[in-house]
Amino acid sequence: MNYFLTEEQEMIRDLAKKIAVEKVAPRAAEFDEAEEFPWDLMKVLAEAGLFAVWVPEEYGGLGGGVFEQCLVVEELSRACGAVAVSYAASALGGFPILLFGTEEQKQKYMPDIASGARLAAFALTEPGAGSDASNIRTTARRDGDYYILNGTKQWITNGGEAEVYTVIATVDPSRGPRGMTAFIVEKGTPGFEFGKKEKKMGIRASATRELIFQDCRVPAENILDREGKGFIVAMRTFDRTRPGVAAQAVGIAQGALDRAAKYATERVQFGKRIAEFQAIEHMLADMATQVEAARALVYSTARMIDAGERDFAKEASMAKVFASDVAMRVTTDAVQIFGGYGYMRDYPVEKMMRDAKITQIYEGTNQIQRSIIGGAVIKEAMRRK
Amino acid sequence: MNVAVLIKQVPETTDVKINRETNTLMREGVASIINPFDMYAIEEALRIREQHGGKVTIITMGPPQAEEALRQALALGADEAVLLSDRAFAGADTLATSYTLAKAIEKLGGFDLVICGKQAMDGDTAQVGPEVAENLDIPHVTYVRKIEELSPGYVRVQRMTEEGYEVIESPLPALITVVKEINEPRMPSIKGMLKAKKAAITMWTAADLAVDEDQVGLAGSPTRVIRIFTPEQRGKGEIIQGETVQEKVRTLVAKLKETHLV
Numbered sequence: 001m002n003y004f005l006t007e008e009q010e011m012i013r014d015l016a017k018k019i020a021v022e023k024v025a026p027r028a029a030e031f032d033e034a035e036e037f038p039w040d041l042m043k044v045l046a047e048a049g050l051f052a053v054w055v056p057e058e059y060g061g062l063g064g065g066v067f068e069q070c071l072v073v074e075e076l077s078r079a080c081g082a083v084a085v086s087y088a089a090s091a092l093g094g095f096p097i098l099l100f101g102t103e104e105q106k107q108k109y110m111p112d113i114a115s116g117a118r119l120a121a122f123a124l125t126e127p128g129a130g131s132d133a134s135n136i137r138t139t140a141r142r143d144g145d146y147y148i149l150n151g152t153k154q155w156i157t158n159g160g161e162a163e164v165y166t167v168i169a170t171v172d173p174s175r176g177p178r179g180m181t182a183f184i185v186e187k188g189t190p191g192f193e194f195g196k197k198e199k200k201m202g203i204r205a206s207a208t209r210e211l212i213f214q215d216c217r218v219p220a221e222n223i224l225d226r227e228g229k230g231f232i233v234a235m236r237t238f239d240r241t242r243p244g245v246a247a248q249a250v251g252i253a254q255g256a257l258d259r260a261a262k263y264a265t266e267r268v269q270f271g272k273r274i275a276e277f278q279a280i281e282h283m284l285a286d287m288a289t290q291v292e293a294a295r296a297l298v299y300s301t302a303r304m305i306d307a308g309e310r311d312f313a314k315e316a317s318m319a320k321v322f323a324s325d326v327a328m329r330v331t332t333d334a335v336q337i338f339g340g341y342g343y344m345r346d347y348p349v350e351k352m353m354r355d356a357k358i359t360q361i362y363e364g365t366n367q368i369q370r371s372i373i374g375g376a377v378i379k380e381a382m383r384r385k
Numbered sequence: 386m387n388v389a390v391l392i393k394q395v396p397e398t399t400d401v402k403i404n405r406e407t408n409t410l411m412r413e414g415v416a417s418i419i420n421p422f423d424m425y426a427i428e429e430a431l432r433i434r435e436q437h438g439g440k441v442t443i444i445t446m447g448p449p450q451a452e453e454a455l456r457q458a459l460a461l462g463a464d465e466a467v468l469l470s471d472r473a474f475a476g477a478d479t480l481a482t483s484y485t486l487a488k489a490i491e492k493l494g495g496f497d498l499v500i501c502g503k504q505a506m507d508g509d510t511a512q513v514g515p516e517v518a519e520n521l522d523i524p525h526v527t528y529v530r531k532i533e534e535l536s537p538g539y540v541r542v543q544r545m546t547e548e549g550y551e552v553i554e555s556p557l558p559a560l561i562t563v564v565k566e567i568n569e570p571r572m573p574s575i576k577g578m579l580k581a582k583k584a585a586i587t588m589w590t591a592a593d594l595a596v597d598e599d600q601v602g603l604a605g606s607p608t609r610v611i612r613i614f615t616p617e618q619r620g621k622g623e624i625i626q627g628e629t630v631q632e633k634v635r636t637l638v639a640k641l642k643e644t645h646l647v
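Note that the protein sequences, when read in sequence, are chains A and B. Residue numbers are given in the numbering used here: position 193 of the first sequence equals residue 193, and the series is strictly consecutive. Heads up: take any position in the second sequence, counting from 1, add 385, and you land on the numbering used here.
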């Protein structure tokens with residue numbers, strides 16, 4: 001499919017692909033096994049300028065948008081979902097600053113996020129607040145020129161590795177979403193510690209940690225927007241980053257399809273290459289069609305966002321839910337085509353199946369996405385009455 | 386420290402096809418890349434500039450499309466690029482190529498160090514580097530795996546050999562050819578690629594270089610290719626088994642007699 005990329009977009013995609021093929025893919029299994037954060041690859045991505053693609057030029061970026069970010073995430077994901085999410089999570093942490101930060105905040109944090117000198121992270125989830133995001137218990141109490149944060153955040157991607165955190169706390173739990181407030185918290189702030197690193201099913205090289213705040217004093221100037229706007233900050237951010245998760249899913253699915261198709265042309269059973277059996281051929285056909293449909297939806301959504309459309313929550317959720325369900329099916333079928341070999345860690349597809357699963361869960365479970373989409377559809381229908 | 390890097394654009398394959406009639410490389414339908422060994426030369430030059438300052442100039446001789454290879458080198462961070470392109474240069478062997486490259490280096494002037502990859506992936510001769518040095522009348526060291534020290538007018542390098550390495554000192558200017566053990570080439574950056582796209586590239590013809598026309602291109606190439614083939618692999622060695630030294634020696638002597646070696 002020709003998506004008519006600009007010359008610069010092609011350049012970004014080709015460079016991401018080159019890095020994915022030459023630097024990431026050969027070590028994906030090693031990183032997965034060791035569950036070690038791929039710092040040296042983050043450095044390669046930083047030097048290549050890939051952290052800058054979505055950041056405006058006035059903050060040291062390349063002036064692209066969500067689409068450029070998606071192109072990079074997709075190419076990295078073809079090689080390794082864990083490297084891709086570590087890259088993408090920095091944008092998840094940085095977008096709230098770009099969207100809601102003051103000029104001073106943007107000048108202070110965005111150039112380092114764009115250069116990759118500092119990784120960012122986003123912290124909303126808590127033990128009792130997953131899909132029910134407004135049920136957070138981390139509190140922020142005003143004390144003069146400071147807010148005092150107390151509480152624990154859970155499953156924070158890039159936790160411990162990132163330097164800059166966008167943290168959602170509540171100034172008043174009784175106010176629900178209207179009490180939620182976003183803060184920029186820097187690693188090293190007294191009272192801000194890291195808890196255990198999670199052992200995961202997939203994306204194992206990525207870092208997922210607890211953040212623990214104990215009387216952590218955060219300067220009041222680090223507030224994003226104002227008190228009570230945290231829920232809006234989080235939701236507006238997700239609208240822009242869900243296409244990135246969708247791109248991750250497309251990349252993982254494409255990577256699995258590439259390998260399954262190649263394997264099917266090499267593996268001989270009953271004296272024939274298994275690709276010659278219609279059972280396999282049709283599986284490959286369905287996989288390829290689904291991946292292309294997912295890609296088309298992701299690209300369209302990303303371009304719609306970059307073009308400045310105001311309301312795209314529904315489309316962002318559609319891209320995320322569709323692409324991640326495709327990734328799960330396609331990677332499962334890729335393991336099936338590989339047969340027993342596919343189940344073994346010596347071959348790359350079982351990892352892709354493990355990596356795919358999380359795309360149906362994080363940045364809003366697919367059930368939550370369907371609620372967003374369904375809600376929007378019903379609202380549109382009511383309006384037409 | 387001003388460094389010149391000589392690069393070659395080659396077909397992106399290790400399995401080059403040969404035209405059986407003309408005994409030349411067939412390039413149709415094969416993408417072109419910078420000779421992989423030259424990537425190490427570019428990287429080393431960039432590292433020297435980062436440590437010592439100065440300028441990195443990339444030079445290549447080839448058809449107009451070799452400009453693409455120069456832009457790739459500029460995207461990595463090289464300062465300037467020069468393309469030597471003229472119909473008169475076509476059909477050059479290593480002698481004519483090195484003469485032409487040396488003329489360009491002389492014209493540019495002021496280099497402390499010239500760096501080449503150890504050989505081109507297509508021709509595999511490893512001759513151009515040393516021949517350029519001879520043309521320039523400067524010392525050269527081949528197969529460099531490490532630059533131990535570099536200071537004005539002086540370089541000390543490790544030269545890789547089959548058994549280990551030699552440490553060689555040389556005055557500057559000098560020419561070195563490098564092996565892949567010397568570094569790990571960097572990736573280009575988006576900003577570098579955008580800059581390289583717009584960068585000006587110097588183009589020189591035979592007239593610009595004031596070359597002796599009998600020494601360039603086919604006219605300046607005494608090499609005649611009779612046949613191209615992949616040499617047969619060396620046979621495996623045989624370890625002679627035996628209970629005692631005496632027995633092993635007897636077996637060895639018998640074998641040597643058998644093959645009329647003694």
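These are computed hints drawn from the structure, not numbers from a lab. Quantities reported herein were computed from a predicted structural model and do not represent experimental measurements. Built from N, CA and C at the ideal position, the CB exists for glycine as well. Just so you know, not all the hints are guaranteed correct.
Part of the chain A face toward chain B, derived, beta carbon under 7 Å [as the list claims (entries may be wrong)]:
(1) I19
(2) L62
(3) G228
(4) P348
In the EDC-like style, the derived pairs of lysine to aspartate or glutamate whose C-alpha atoms are separated by at most 20 Å in a straight line are [to be verified]:
(5) A:K23 with B:E569
(6) B:K580 with A:D286
(7) B:K576 with A:E30
(8) A:K23 with B:E397
(9) B:K583 with A:D172
(10) B:K576 with A:D325
(11) B:K440 with B:E534
(12) A:K200 with A:E22
(13) B:K576 with A:E57
(14) A:K17 with A:D286
(15) B:K576 with A:E10
(16) B:K580 with A:E35
(17) A:K108 with A:E33
(18) B:K642 with B:E632
(19) A:K18 with A:D325
(20) B:K565 with B:E397
(21) B:K583 with A:E35
(22) A:K357 with A:E309
(23) B:K576 with A:E47
(24) B:K582 with A:E10
(25) B:K583 with A:E57
(26) A:K196 with A:E227
(27) A:K262 with A:D286
(28) B:K580 with A:E57
(29) A:K196 with A:E58
(30) A:K18 with B:D464
(31) B:K565 with A:E22
(32) A:K196 with A:E35
(33) B:K440 with B:D478
We went through each hint and held it up to the structure:
1. Proximity of A:I19 to chain B holds as hinted, the smallest CB-CB distance being about 6 Å (cut-off 7 Å).
2. Here the hint on A:L62 is kept, as its CB sits about 6 Å from the closest CB of chain B, short of 7 Å.
3. A hinted interface residue such as A:G228 counts as satisfied when its beta carbon comes closer than 7 Å to some beta carbon of chain B; here the least separation is about 39 Å, so the hint is violated.
4. The beta carbon of A:P348 comes no nearer than 22 Å to any beta carbon in chain B, farther than 7 Å, and the hint placing it at the interface is violated.
5. For the given pair, A:K23 sits about 11 Å from B:E569 by alpha-carbon distance, which is consistent with the 20 Å threshold.
6. About 42 Å separates the Cα atoms of B:K580 and A:D286, which puts this hinted pair outside 20 Å; it is violated.
7. Simply put, B:K576 and A:E30 have alpha-carbon atoms about 31 Å apart, too far for the 20 Å limit, and the pair is violated.
8. A distance of roughly 19 Å separates the Cα atoms of A:K23 and B:E397; the hinted pair therefore holds under the 20 Å criterion.
9. Restraint check: the Cα-Cα separation between B:K583 and A:D172 comes to about 55 Å, which exceeds 20 Å; the hinted pair is violated.
10. A threshold of 20 Å between alpha carbons decides the hint, and for B:K576 with A:D325 the separation of about 36 Å lies outside it, so the pair is violated.
11. Distance check on the hinted pair: B:K440 and B:E534 sit about 18 Å apart at the alpha-carbon level, within 20 Å; holds.
12. For the suggested pair A:K200 and A:E22, the alpha carbons sit about 26 Å apart, so the restraint of at most 20 Å is broken.
13. This hinted pair checks out: B:K576 and A:E57 have alpha carbons roughly 11 Å apart, not beyond 20 Å.
14. Under the criterion of a C-alpha separation no larger than 20 Å, the hint pairing A:K17 with A:D286 is inconsistent with the structure, at around 24 Å.
15. With a C-alpha separation of about 14 Å, the suggested pair B:K576 and A:E10 falls inside the 20 Å cut-off, and the hint holds.
16. In summary, the hint linking B:K580 to A:E35 is not supported, as the alpha carbons are separated by about 38 Å, beyond the 20 Å threshold.
17. Only pairs whose Cα atoms come within 20 Å are accepted, and A:K108 paired with A:E33 is rejected, the gap being roughly 37 Å.
18. With a C-alpha separation of about 16 Å, the suggested pair B:K642 and B:E632 falls inside the 20 Å cut-off, and the hint holds.
19. A C-alpha spacing of about 27 Å is found between A:K18 and A:D325, which places the hinted pair above 20 Å, so the restraint is violated.
20. The straight-line distance between the Cα atoms of B:K565 and B:E397 is roughly 17 Å, inside the 20 Å bound, and the hint therefore holds.
21. Under the criterion of a C-alpha separation no larger than 20 Å, the hint pairing B:K583 with A:E35 is inconsistent with the structure, at around 42 Å.
22. Restraint check for A:K357 and A:E309: not satisfied, since their Cα atoms lie roughly 30 Å apart, outside the 20 Å limit.
23. The suggested pairing of B:K576 with A:E47 holds, with an alpha-carbon distance near 10 Å, which does not exceed 20 Å.
24. Taking the CA atoms of B:K582 and A:E10, the gap is near 13 Å; set against the 20 Å cutoff, the hint holds.
25. Distance hint between B:K583 and A:E57 is fulfilled; the C-alpha atoms sit about 18 Å from each other, no more than 20 Å.
26. With a C-alpha separation of about 30 Å, the suggested pair A:K196 and A:E227 falls outside the 20 Å cut-off, and the hint is violated.
27. A distance of roughly 16 Å separates the Cα atoms of A:K262 and A:D286; the hinted pair therefore holds under the 20 Å criterion.
28. At roughly 15 Å between alpha-carbon atoms, B:K580 and A:E57 fall within 20 Å of each other, so this suggested pair holds.
29. Taking the CA atoms of A:K196 and A:E58, the gap is near 38 Å; set against the 20 Å cutoff, the hint is violated.
30. Simply put, A:K18 and B:D464 have alpha-carbon atoms about 23 Å apart, too far for the 20 Å limit, and the pair is violated.
31. Distance hint between B:K565 and A:E22 is fulfilled; the C-alpha atoms sit about 16 Å from each other, no more than 20 Å.
32. About 14 Å separates the Cα atoms of A:K196 and A:E35, which keeps this hinted pair within 20 Å; it holds.
33. For the hint pairing B:K440 with B:D478, the CA-to-CA distance comes to about 29 Å; that exceeds 20 Å, so the pair is violated.
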